[in-house]
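A.B. asks: Sequence:
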Amino acid sequence: MNSEEYKAKTDEEIIELIHKGEDKYAQEYMLVKYKPLVMACSKSCFISGAEKDDVIQEGMIGLYKAIRDFVAEKNVGFYPFAKMCIERQIATALKTANRQKHKPLNESYSLDKNIFEDDEEATYIEMLKSRTNESPENKYIDDESKRMLEENVMANLSAMEKKVLSLYLKGKKYAEIAIIVEKDEKSIDNALQRIKKKIKKLKKSINKINKVRVQKGRKAMLQETWATVTYGLYDNRKIRRLKKFPPALVENRMLFETNDDFTDNGRALFDYLIEKGYNKKYEIVWLVHEPSKYKEYQFENVKFVQNFKKGSTIRRAEAYKYALTSKYIFYTQAFNWIGMSRRNQLFIDLWHGCGYKANKNGRKVFFDYCLVPGDIFIKTKMEFFGCTSKKLLSFGYPRYDMMLKGSERADEYKKKLLKETDSEKLILWMPTYRHASSERLNEETLNNEFNIPIIDDADKLLELNKFCKENHILIVIKKHYLQVPYDFGENVLTNIVYLENGDLADNGLQLYEFINCSDALISDYSSVAIDYLLLNRPIGFTLDDYDAYTESRGWVFEDPLEYMPGEHIYNVQQFEQFVLDVKNGKDDYENQRKAILAKTHNVTDNYCKRVLDYFKITV
0 MNSEEYKAKT
10 DEEIIELIHK
20 GEDKYAQEYM
30 LVKYKPLVMA
40 CSKSCFISGA
50 EKDDVIQEGM
60 IGLYKAIRDF
70 VAEKNVGFYP
80 FAKMCIERQI
90 ATALKTANRQ
100 KHKPLNESYS
110 LDKNIFEDDE
120 EATYIEMLKS
130 RTNESPENKY
140 IDDESKRMLE
150 ENVMANLSAM
160 EKKVLSLYLK
170 GKKYAEIAII
180 VEKDEKSIDN
190 ALQRIKKKIK
200 KLKKSINKIN
210 KVRVQKGRKA
220 MLQETWATVT
230 YGLYDNRKIR
240 RLKKFPPALV
250 ENRMLFETND
260 DFTDNGRALF
270 DYLIEKGYNK
280 KYEIVWLVHE
290 PSKYKEYQFE
300 NVKFVQNFKK
310 GSTIRRAEAY
320 KYALTSKYIF
330 YTQAFNWIGM
340 SRRNQLFIDL
350 WHGCGYKANK
360 NGRKVFFDYC
370 LVPGDIFIKT
380 KMEFFGCTSK
390 KLLSFGYPRY
400 DMMLKGSERA
410 DEYKKKLLKE
420 TDSEKLILWM
430 PTYRHASSER
440 LNEETLNNEF
450 NIPIIDDADK
460 LLELNKFCKE
470 NHILIVIKKH
480 YLQVPYDFGE
490 NVLTNIVYLE
500 NGDLADNGLQ
510 LYEFINCSDA
520 LISDYSSVAI
530 DYLLLNRPIG
540 FTLDDYDAYT
550 ESRGWVFEDP
560 LEYMPGEHIY
570 NVQQFEQFVL
580 DVKNGKDDYE
590 NQRKAILAKT
600 HNVTDNYCKR
610 VLDYFKITV
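So for the sequence shown, numbering that gives the first Met the number 0 puts the first residue at 0; every next one is plus one.
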């Protein structure tokens, strides 16, 4: 039954359908229809120690109870009955929360609480108990372990898992949680099982750390703590002196920083500098999290220095010194500002890409120049940064050289993956990182537990995997690095692989090297689709949330669909058809891709060289 058919019926008739079990979508319709009433009832309410969403959740439970318990024969309309149930549920929650005896539960988090009802040993505190006696060093270890667990448990959970665990720990039943998160009870059970596995893995990791700490002993730990404090104080003193008496600018010194360490555009430009011998003339400094990881890159005049990001105290002053004295500062997306700039310093933002999404909020500009792929993006970036067009260079990105060139190691990795999965083609799936005002589209709650479009339940994912296996196709999913990987549990995905940054690092690969290996791309509104036009290979665009995205975020282009030269995919059937077309070599969009390439890219080669030549950086 569609929405128009529901509208033609009374609430009481729809409730009857629900009670008879004749329409599985009727309950969902009623929950959506009456959600505004829940919002209205919860508007002026506040639960101590809780957020506004908690009140709304209680209201939704009240609405669910109203649907379940409504009896038409009592001559009461559904609307007043629902309003009464919602208000009662919220009132009960308020009364319970405000009782003095419940304050500790509302305002604190117990490590002694059982995480799961069916596992008495699975308390947070039990995970951290040491087999050793309560010596001072062991107490210190336990305290640190508790802190580590509290900080890392939630960080290792997906958005849905976080919500499910939070509700579960508040005492909500499976049915209540299912209503709140709009999933069935089986999905809730699966989520809790995944959470249990992740917590156990985290326990093992913490135990390993504790073992090392015990071996170190009390003296070593105290020395380590003292060193951190001492160096931190020393750094601060040295930084104050650098500010007061800044050293001279070094004309042949370049500084690099990238959000995700030694990667992306900065890495592509660095590789070109080394390949062409620029390091014989210029000093190249990289700000990274762990300099010891990059010993194999110790070329002439190349230095890796510990970054001055939050949490990095030791040797922070050294990073500050190089940031203060480098003539050229190349960074990707956001430089960790040191608080002052020098005359004649050049700040070049290599940026991370230009896609289809409009920028809702501006950003403070401190760069001298920023890269874009083509002139078509200049207007939107001027608005975003609040800068003039002179600061925006339509040179494309250094990583394009890496993507167009590829590498032997990337080809070998592709061969390995195809052989392991008995596949003939590799399709790369790179959904955009959702961030919008709409709850459905923000970075926390995409539209399903898998954080990917189209596929919104486990059965669909398993069916897609079966389809790919039968057709000897491998789909490699590379999500945004800020999104939590999905743990599929005991189910085995043979022909769908989740590629993580760690997998690339283990094989000595950069992402854009690997992109070159793909036979086709599936994306949506991501900048990678604009980048992929340079390869002139098939692209599929998943657009199942296009309308919602239009409303909440908006677009760079007046008609974004015009700039998507490939199959427009709205459901699983169309997704599978695109896969078959790739397998069979069917491609109807080559001319369209070339036309859009000409509109979005000013140049199609020599990206690294073009940037260096513009700034008169020569060998």
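These are computed hints drawn from the structure, not numbers from a lab. All C-beta atoms in this analysis are idealised placements derived from N, C-alpha and C, irrespective of residue type, glycine included. Don't take every hint at face value.
Unchecked claim - Straight line, CA to CA, 30 Å or less: simulated DSBU-like cross-link-like pairs of lysine-lysine:
hint : residue 1 : residue 2
1    : LYS378    : LYS363
2    : LYS42     : LYS8
3    : LYS8      : LYS363
Stated by the list, open to error - Across the chosen pairs, the derived CB separations fall in these ranges:
hint : residue 1 : residue 2 : range
4    : ALA594    : GLU469    : 43 to 49 Å
5    : ALA7      : GLY361    : 43 to 49 Å
6    : ASP421    : ASP587    : 56 to 62 Å
7    : SER165    : ALA594    : 23 to 29 Å
A.B. asks: All hints are to be evaluated individually against the structure, with a verdict given for each.
C.D. replies: Verification of the hints:
1. With a CA separation close to 16 Å, the supplied pair LYS378 and LYS363 stays within the 30 Å bound.
2. As the CA atoms of LYS42 and LYS8 are separated by approximately 29 Å, the hinted pair is consistent with the 30 Å bound.
3. Using a Cα cut-off of 30 Å, the hinted pair LYS8 and LYS363 is violated, with the two alpha carbons roughly 53 Å apart.
4. For ALA594 paired with GLU469, a C-beta distance near 35 Å fails the hint of 43 to 49 Å.
5. Between ALA7 and GLY361 the beta carbons are some 47 Å apart, a value that agrees with the proposed interval 43 to 49 Å.
6. A hinted range of 56 to 62 Å is violated for the C-beta pair ASP421 and ASP587, which are about 28 Å apart.
7. A beta carbon spacing of about 49 Å between SER165 and ALA594 contradicts the range 23 to 29 Å that was offered as a hint.
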